[in-house]
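S.K.: Here the sequence shown is numbered in our numbering, starting from -6 and rising by one per residue.
Among the clues, some could well be false.
Said to hold, decoys possible - Estimated spans, in silico, between C-beta atoms of each pair:
| id | residue 1 | residue 2 | range |
| --- | --- | --- | --- |
| 1 | A63 | D116 | 28 to 38 Å |
| 2 | D45 | E97 | 27 to 37 Å |
| 3 | E97 | A64 | 42 to 52 Å |
| 4 | Q47 | D116 | 27 to 37 Å |
| 5 | I37 | P93 | 15 to 25 Å |
The hints are simulated quantities; they were obtained by calculation from the structure and are not laboratory data. Note that the structure is predicted; figures quoted are calculated from it, not measured. Here a beta-carbon is modelled for each residue, glycine too, at the ideal position from N, C-alpha and C.
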Amino acid sequence: MSPAKVFLYKSPSVPLYMQLADASRMPEMAFARCEFGNKHCKTIIAHVLVTDGQVQEMGDFERDGVTFPAAEIQIDFINPVDSDGDMFPTGNLIDILTVPNVGEFEATLINAGMPTIFICTSDL
-6 MSPAKVFLYK SPSVPLYMQL ADASRMPEMA FARCEFGNKH CKTIIAHVLV
44 TDGQVQEMGD FERDGVTFPA AEIQIDFINP VDSDGDMFPT GNLIDILTVP
94 NVGEFEATLI NAGMPTIFIC TSDL
């Protein structure tokens, strides 16, 4: 199946099928390549199954934590790390995070598409 390049609006509240290009431009059956950027200026590409110009929502793909099966959507994160190329912004795998009036915690700071801090819940 050949990919068709389709651009999405940046609003996550609009259903995917409402954001696709004109259905007449879509192949009979293909994986549409949908490119969009998040607020951190990263590029995300979603590969969505299209049949007869319509996005396929039904399917048998199952994901832990999701109630019902649906069509699989493959997501590719393009260059998720910032321009400096370091996924760990401090350069350390583990840092000591000091929280005033609370204490110190071992933490892992990661910036791979979305800045995130990981702390063991047992330390809280």
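S.K.: Broken hints, numbered, in rising order?
M.R.: The structure breaks hints 2, 4 and 5; every other hint is satisfied.
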